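Novice: Mind docking chains X, A and B on chain E? Use the hints.
Residue numbers (our numbering), protein chains in the order written: chain E, 526 to 1052; chain X, 18 to 590; chain A, 389 to 707; chain B, 4 to 327.
Calculated directly from the structure, the hints in this document are not laboratory data. Incorrect hints may appear among the rest.
Using 27 Å as the maximum straight-line C-alpha spacing, the simulated DSS-like pairs for lysine-lysine come out as follows [stated by the list, open to error]:
#, chain 1, residue 1, chain 2, residue 2
1, B, K132, X, K107
2, X, K51, B, K95
3, E, K726, B, K95
4, A, K597, X, K440
5, X, K342, A, K595
6, E, K971, E, K926
7, A, K595, X, K468
8, B, K225, X, K98
9, A, K424, X, K342
10, X, K100, B, K244
11, E, K1000, E, K1010
12, A, K597, X, K402
13, B, K132, X, K90
14, X, K399, X, K349
15, X, K214, B, K225
16, E, K694, E, K814
17, B, K95, E, K694
18, A, K424, X, K399
19, X, K165, B, K244
20, X, K215, X, K146
21, X, K146, B, K225
22, B, K244, X, K98
23, B, K190, E, K726
24, X, K437, X, K402
25, B, K132, A, K424
26, B, K132, E, K552
27, E, K838, E, K823
28, A, K595, X, K399
29, A, K597, X, K437
30, B, K225, X, K100
Residues from chain E that keep clear of chain B, each with C-beta distances beyond 10 Å, as calculated [stated by the list, open to error]:
#, residue
31, D563
32, E598
33, G615
34, A626
35, T660
36, K726
37, E730
38, D744
39, E765
40, N817
All of these numbers come straight from a predicted model, not from anything done at the bench. For glycine and all other residues, C-beta sits at the position ideal for the given N, C-alpha and C.
Given next are the chains, with one letter for each unit.
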Amino acid sequence: MKHRSLLLAAALFAAGAGTSAQAETLKYAFQGTLNALDPYSLNETFTLSSLGNTYEGLTRRGADLAIEPALAESWEIVEPNRWRFHLRKGVKFHNGNDFTAEDVAFSVDRVRSEGSDLSTRVGADVKVEIVDDHTVDFVLTGPNPILNYEWDTFYMMDKDWTTENNAVKVTSASDTTPNYASLQANGTGPFKILSHEAGVKTVYEKNDGWWDEAKHNIDTVEFTPIGSDATRVAALLSGELDMVYPIPVQDIKRINDNAGTVALTGPELRTIFLGMDQMRDELLYSDVKGKNPFKDAKVRQAVYQAIDIEAIKKKVMRDLATPSAIMISPFLFSKGSEFERYPYDPEGAKKLLANAGYADGFSVGMDCPNDRYVNDEAICQAVASMLAKVGVKIDLNAQPKAKYFAKVLASGGFDTSFYLLGWTPGSLDSWNVLSNLMNCRDEAGKGSPFNLGGFCDAKIDSLTKEVLVEIDPDKRDGLIAEAYKISHDNAYYIPLHQQGLAWGVADNIDLVQRADNQFKFRFVTKN
Amino acid sequence: MNVLDIKNLTVEFPGRKSVFVAVDDVDMSVEAGKILGVVGESGAGKSTVGNAVIGLLQEPGHIAGGEIFLHGKRIDQLPYKDKRLLRGRKIGMIFQDPLTSLDPLQTVESQLVETIRTHMPFSGNEARKRAVELIDAVGIPDPEERIKQYPHQFSGGMRQRVVIALALCAEPELVIADEPTTALDVSIQAQILELMKKLCEERNVAMLVITHDMGVIADITDHVAVMYHGELVEYGETTQVLGAPKHPYTQSLISAVPRPDIRVERFPVVNYIEKAGTPQKQIDISTHWLGKSRDYEKVEGPLVQIRGLDMRFETRGSIFPSRRKYFQAVKKVSFDIQEGETFGLVGESGSGKSTIARLVTGLYQPSGGSILFGKTELTSLKNRKDVLAMRRQMQMIFQDPYSSLNARMRVRDIIAEPIKFHKLASGNSEVRQIVDDLLDHVGLGVAAGQKFPHEFSGGQRQRISIARALATRPRFLICDEPTSALDVSIQAQILNLLKDLQEELGLTMLFISHDLAVIRQMCNRIGVMRHGELCEVSGCDQLFEAPQHAYTRELLELMPSMELLSRANLESA
Amino acid sequence: MPYVSNEDAKVDEQTAPGRLTKILDSDMFHSFLRSKVTVVAACGTLFLFLLALLAPWVAPHNPFDLASISIMDARVPPVWMEYSDPRFLLGTDDQGRDLLSGIFYGMRISLIVGFCSVAAAAVLGITLGLVAGYMGGRVDAVIMRIADVQLTFPAILIALLIDGIAAGVFGSIDREIFAFYILIVSLSLSFWVQYARTVRGSTMVEKNKEYVQAARVIGIPSAIIMARHILPNVMGPVMVIATINLALAIVTEATLSFLGVGMPPTQPSLGTLIAIGNDFLYSGEWWIAIFPGLALALLVLNVNLLGDWLRDALNPKLR
Amino acid sequence: MIGFATRRLLQAMIVMLVVALLAFTMFRFVGDPVNQMVGIETSIEEREALRERLGLNDPIPVQFFRFVTQAAQFNFGTSYQFRQPVSDLFAKRIPATLELSFTSALFALVVGIPMGIYAGLNRESAVSKLFLSVSLIGISLPTFFIGILLIFLFSVTLQWLPSFGRGEVVPVGSWWTTGFLTVSGLKALILPSITLGLYQMTLIMRLIRAEMLEVIRTDYIKFARARGLPDRLVNFRHALKNTLVPVITITGLQLGAIIAFATITETVFQWPGMGLMFLQAVQNVDIPIMSAYLLLTAFLFVAINFIVDILYFFIDPRLRVGRP
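Next comes chain E alone, as it looks inside the complex (with noise of 0.2 Å):
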């Protein structure tokens, strides 16, 4: 249950006053936009990122991920299946509300109840118990070491101000009239909501009442969503904003050099890979006919080192990024370093491909979204150049995310027969790659839904079950780093790399980057 800590902090400049009695006002901008502020209404980064300066959970990560008390002040597993949280008391919503241990099971209620895209966050068999005002018990029905590993965006909401607001109900896509919740904000974090205009801007205010001892100077916050990369870059350059992100790869030496504002960069969680259809048994692009090469692990490594990870690591993501041998960012699973990839060999790859019966290669067509990953179309651009290389002729589909999504997930048939994509797990642990990635799944998407490739290996199957209930961390760890290497050894997937994160942040701004992509203000300084 340790993490490797990792801490990305941004400290470049030495920080001059801690106080001033000036009001300090900070710009940034993302390239999304933040939609509702039903903090259960959408499980994306973002969304939950900026909600989580105004919304807090039981538990909250540090600067290096760490989990850390927040609303709960410490918690303990007085049973095996009995977790007891012991809430932190004196803390109000911003409407001025007590915080009670009703809040939570409320929260717990709310957070499960039908339209909630945040449901897994507490299991439905996990009963909530109020043992007093402060304290609350979670019942599980069997051992789950990684209980409150997501608990961090699981953020707790006045059940008072909820109820006389007629918002008990999760907003939901399918509502015809707007939830007070999606539009109004109470939480009891460092930042009031002070407007929100969806799409356009949205204001915060420091909440001077806040339950911990305020590290930030930040009296307001503005935030607009720029979705041009440019005008992004431009504004920051201009010094219009404070910070912006995600910035392209290719303008942090031009921020860099630019007076007044510097490039933050460190590695992101999310792992890019390539997959391929093994299951059906003739490829729908292809002009190989009657099989599916992919079902041949020789195959499968030959286009494994065909890629250049190195060239592409260099000349497309700037060196802003890591090659990856395994599924999972090595800071987020202790045996990460024992993998390591397979050469990067033309030559070999021809032999691979001659000895499967594809001398002269085969044409493909790949699959890849253009607007959801670092240079995701780059990437597949560059794979494609490097296949071509070896004889396999790839015919490049890139696509907005969301015709891309519609057309390789499940809901569109897993219409792909190689494709790029990118995971972060949620709960920073490796369970959640394993059953959502590696297991055999139907060809409705029963089993692991984002398998999308849809190989099946009963050993990965079995393995995960028993990670899932394994207590002790080494053994848990070994059982992990044992399917991973099966994964590896066939290479079921092509791992290619964890991307890095970019933001740009003007001189007279200190704050922390963390590696899971979200941006507190609570780090935030301004000189």
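Specialist: The following block gives chains X, A and B in isolation, referenced to the frame of chain E:
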């Protein structure tokens, strides 16, 4: 003293390859209160003289020589601004087409007031008062009311009166009228000419009237200048020039003018301007392809019988029948055309005569009545084969030689099209032979076949139209104002050609014209139309000698007097 | 002016000159030679068209041959700059493709898309315009209402629509071929209205001219009258629109590429190249966007200049 | 007049209905909204349930009928992304788009008309030729590229003008916000307006020039000169006024085009208007926003055309006053 003196005026238009001399060394002058007519056919340079005087020559035209004096003061070399001040103030101008001469977006009043105030130190109210007086003076009733209206609310004749009022705004000493009545009906023309003459005398204004119409010259001018290809060929008192022309051009021009008072068998051939086309190879009609048109089945009685023909056009559409509005173009018209005769329809614009032509040819579907062609009722023809058979038997010649030929087709293809379409010849070589013969026969020559229509003059184009009409070997030919867009001398040739063809081929013709004189020369029987109704049908001589209907009498009285014109050539013909 | 026709009439007996001499001697050709800008634009257009047409032979590399490009050559600056590579005159893009070759090939694709969509729009628009203008009445009303509806949809919306419909109807097809047809269909769908309106207007004028009535009197069916008689007489303005639309199509295609529904990066048009390069504008790799941008501007400018001249030269009201 | 207006209105309604049908059918095919509304880990059963709740499994005619009846009551549904009524979202975005469109149109007219008049009156002058050639750049470069270049020059390099957004806006009345009343609001308008208006300016200039060239060859202009009217009167009272009749139609159409093209400009400048929202909606397959946007632009377009027709009525007496 002369108001206007033009001395040795030469106007040139530099072209790409050569300089075109539009006016070549011309002298003329006008006295106050007198009217000088400048007459000539298209391209004579008569309008250019007017434009040169008022200083509005179109680029790149310019005065290359000579002098223009107004009241003895030289005006052709004045700077731009002074020239502009002369315009309207000293020289008024009247254009041909009253429909396009007025700004459609301004009231008559505002156009008058701005002109008055440009030239005279009047206040707005004074100018308005004067504007009303002017409108009254040019004979528009209810001047106070009508002056507030927009040009489109006036009829053509009334608009020309407004234009005259505008020209007279600042009491100019000279008025230049460029074809002032050409666009108007006969009855209106007479009124406008009378008005101009009256104003000219009352206000002691000198007037330069530019026209192609000998009738206008005879009617109102004191002096006349005859121009031909930029040159002044004859100049003198009107009675003198018209009565006893000296120059051969003037002579032939006058002789070509059709006369309402006498009927001639053929017009004298005017060879002065354009070589009259004559058949270069005689073809024997009895054996030739063309002659086969005589093979049509003979009919008892009239060839065409029209009974109670009605035509109305929807002028306002609506889904409710009660709210629709119609214009009744033809009202209960009935007449017969005998085989082999030429039936004339005469009337002013809008009288429905052209509509009848289009109804007979099937371009319009009539709203009521019947058209019997031989034994066939045309209005109820449904079968496409029968329709085509009828179409083949009747052809039409149109008014405008510039738009009646497809500019993108070679002449040969234009004439071959009906032959090929109706499959009247076997094989391309025969078609080609027929086309060549037709071209020859209408006097154009075989070489014309490979050219495009724009390479021909108006008269030549009308010959092409005739050849095309003949190409289906019709028995019935409808001529809708076939010469009204042509110069008189060309008109004479075309009319002669039509007469010859009718004789040779035994054609039956429906001849439509607004020009009584032409009608008289061409037709056996004549119908007079007014407001869609047929007023009178009479034999030709009877109509002119003893008109029955009051309207016919009115029309005949309004004809410009031709008594001044020389009879010399006519008698020789 | 009437005196011109008189002059024409004198050609009567002369031997008819050859077609080429006629063209060279025409007023139109003369006005062309007189406008120096137009002559330069015509030469420029011709030159660019040739480069595009001959791209496979004149381009130093084949940017579509995936096996020949190497990511390690990515973002090499133009030869006159530091760290350049003599193989790449104008540098390379983010995938290591030679920019100069990319521009040649991109221009080729832009022009093909432009020509095809202009041709498709012209065929559709002219047909509907002829029918609407000639038939009049209900047919006319229906066609023109459709045109009104069409006008409310800018090309971008149409492209998104077609893109979506095609994806829905055909499932997923190879994007490289697919994108091309989507572009052509959406561009021509948004351009046809202009042709239809113009042709309808001219047709309504022409159909009342006597040569059309003469053809009807002969008995020629409407379809042939429209095709043989009216069509050649309404082509003047169509030529002008077509020229200007070619320029517009190229620009619109570029915009669509920017919005992500244009040509894919594996078959880049000039617009796609700019859209790609746009991401590298601030990072100092300006050449990736600027050179294709210049090429696009040059191409469109030249075509527009020609269209300008054609518009004035073919306008009978300005003679 | 009333008959004329009702006829026009009827036609407009038919156009709107057809657009509604197209909008509806079109967006049925654009993509799967469900994928956009949920996180990546949502199960297939939950997706299917959501699909059912949204009515996406109903027969198409039922969905269309529901769509039209609701749209007629200004109910365009709830945005999938924002979880707010689309009508509220548009109410907030409309001022931004209209102010931008208005400023661009103003720029296009104020600069385009005088240049067009000059070039029309002085056809052969060097300055006119310069106007013509230089203005061609406005239609030879794609809008997005012009915008990016302007940002690069004026925001990043010179740092004179803001690169995104509306600056500070002031509320006027209950729902309108304006950028016209603050310095930063006005500064923020400059670059996007030029980007958006450049194309229209070129078009208007060329149109005016072409019309002017034709009008000054008409008889009534010749007659006005023959009456000795000063050039000023001839050129402006007579020629220009007649030129404006066709120009108004095209300008009306162009206003519609400005609103449509605002999508690109708004994207480049992050202008918080309808167009930006529309493009984002397309990326996220937010069907209610997309269909509402299409209906709204069609409505604006039809409304502008209607106004232009009525304007015609006042400018051109031939339509207003009957013949004798």
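Novice: Does each hint fit the structure? Answer for all of them.
Specialist: Against the structure, the hints:
Restraint check for K132 (chain B) and K107 (chain X): the C-alpha separation of about 37 Å exceeds 27 Å, so the hint is violated. Using a Cα cut-off of 27 Å, the hinted pair K51 (chain X) and K95 (chain B) is violated, with the two alpha carbons roughly 77 Å apart. Distance check on the hinted pair: K726 (chain E) and K95 (chain B) sit about 12 Å apart at the alpha-carbon level, within 27 Å; holds. The straight-line distance between the Cα atoms of K597 (chain A) and K440 (chain X) is roughly 26 Å, inside the 27 Å bound, and the hint therefore holds.
Of the supplied pair hints, the one linking K342 (chain X) and K595 (chain A) holds, its CA atoms being roughly 24 Å apart against a limit of 27 Å. For the proposed pair K971 (chain E) and K926 (chain E), the alpha carbon gap of about 23 Å is at most 27 Å, so the pair holds. Under the criterion of a C-alpha separation no larger than 27 Å, the hint pairing K595 (chain A) with K468 (chain X) is consistent with the structure, at around 23 Å. Straight-line distance between C-alpha atoms of K225 (chain B) and K98 (chain X) comes to about 16 Å, which keeps the hinted pair within the 27 Å bound.
The hinted pair formed by K424 (chain A) and K342 (chain X) fails the criterion: a straight-line CA distance of about 56 Å is larger than 27 Å. Only pairs whose Cα atoms come within 27 Å are accepted, and K100 (chain X) paired with K244 (chain B) is accepted, the gap being roughly 25 Å. Taken as a hint, the K1000 (chain E) and K1010 (chain E) pair is honoured in the structure, with Cα atoms around 15 Å apart against an allowance of 27 Å. With a CA separation close to 26 Å, the supplied pair K597 (chain A) and K402 (chain X) stays within the 27 Å bound.
Taking the CA atoms of K132 (chain B) and K90 (chain X), the gap is about 40 Å. The hint is violated against a cut of 27 Å. Distance hint between K399 (chain X) and K349 (chain X) is fulfilled; the C-alpha atoms sit about 23 Å from each other, no more than 27 Å. Pair hint K214 (chain X) plus K225 (chain B) holds up; C-alpha atoms about 24 Å apart against a cutoff of 27 Å. Our distance criterion of 27 Å between C-alpha atoms is broken by K694 (chain E) and K814 (chain E), whose separation comes to about 52 Å.
Taking the CA atoms of K95 (chain B) and K694 (chain E), the gap is about 26 Å. The hint holds against a cut of 27 Å. The hinted pair formed by K424 (chain A) and K399 (chain X) fails the criterion: a straight-line CA distance of about 59 Å is larger than 27 Å. For the given pair, K165 (chain X) sits about 19 Å from K244 (chain B) by alpha-carbon distance, which is consistent with the 27 Å threshold. Pair hint K215 (chain X) plus K146 (chain X) holds up; C-alpha atoms about 22 Å apart against a cutoff of 27 Å.
Restraint check for K146 (chain X) and K225 (chain B): satisfied, since their Cα atoms lie roughly 26 Å apart, inside the 27 Å limit. Only pairs whose Cα atoms come within 27 Å are accepted, and K244 (chain B) paired with K98 (chain X) is accepted, the gap being roughly 24 Å. Note on K190 (chain B) and K726 (chain E): the hinted pairing holds, with a Cα-Cα distance of about 19 Å set against a maximum of 27 Å. Restraint check for K437 (chain X) and K402 (chain X): satisfied, since their Cα atoms lie roughly 16 Å apart, inside the 27 Å limit.
Taken as a hint, the K132 (chain B) and K424 (chain A) pair is honoured in the structure, with Cα atoms around 11 Å apart against an allowance of 27 Å. Among the hinted pairs, K132 (chain B) with K552 (chain E) is inconsistent with the structure: their alpha-carbon atoms are about 47 Å apart, more than 27 Å. As the CA atoms of K838 (chain E) and K823 (chain E) are separated by approximately 25 Å, the hinted pair is consistent with the 27 Å bound. Of the pairs offered as hints, the one joining K595 (chain A) and K399 (chain X) holds, with about 23 Å between alpha carbons and a cut-off of 27 Å not exceeded.
Among the hinted pairs, K597 (chain A) with K437 (chain X) is consistent with the structure: their alpha-carbon atoms are about 22 Å apart, no more than 27 Å. Note on K225 (chain B) and K100 (chain X): the hinted pairing holds, with a Cα-Cα distance of about 15 Å set against a maximum of 27 Å. Some Cβ of chain B comes within 10 Å of the Cβ of D563 (chain E); the nearest lies about 7 Å off, and the non-interface call is violated. Once the 10 Å rule is applied to beta carbons, E598 (chain E) is consistent with being away from chain B; the minimum gap is 30 Å.
For G615 (chain E), the non-interface assignment is confirmed: its Cβ lies about 33 Å from the closest Cβ of chain B, beyond the 10 Å cut-off. Against the 10 Å criterion, A626 (chain E) stays outside the reach of chain B, whose nearest CB is about 28 Å from its own CB. For T660 (chain E), the non-interface assignment is confirmed: its Cβ lies about 31 Å from the closest Cβ of chain B, beyond the 10 Å cut-off. A beta-carbon of chain B is positioned within 10 Å of the beta-carbon of K726 (chain E); the least distance is around 7 Å.
Look at E730 (chain E): its CB is around 17 Å from the nearest CB on chain B, clear of 10 Å, so calling it non-interface holds up. Interface exclusion of D744 (chain E) from chain B stands, the closest Cβ pair being 18 Å apart, more than 10 Å. For E765 (chain E), the condition that its CB be more than 10 Å from all CB atoms of chain B is violated, with the nearest at approximately 6 Å. Under the 10 Å C-beta cut-off, the non-interface status given to N817 (chain E) relative to chain B holds; the minimum distance is some 24 Å.
The structure shown violates the earlier hints numbered 1, 2, 9, 13, 16, 18, 26, 31, 36 and 39.
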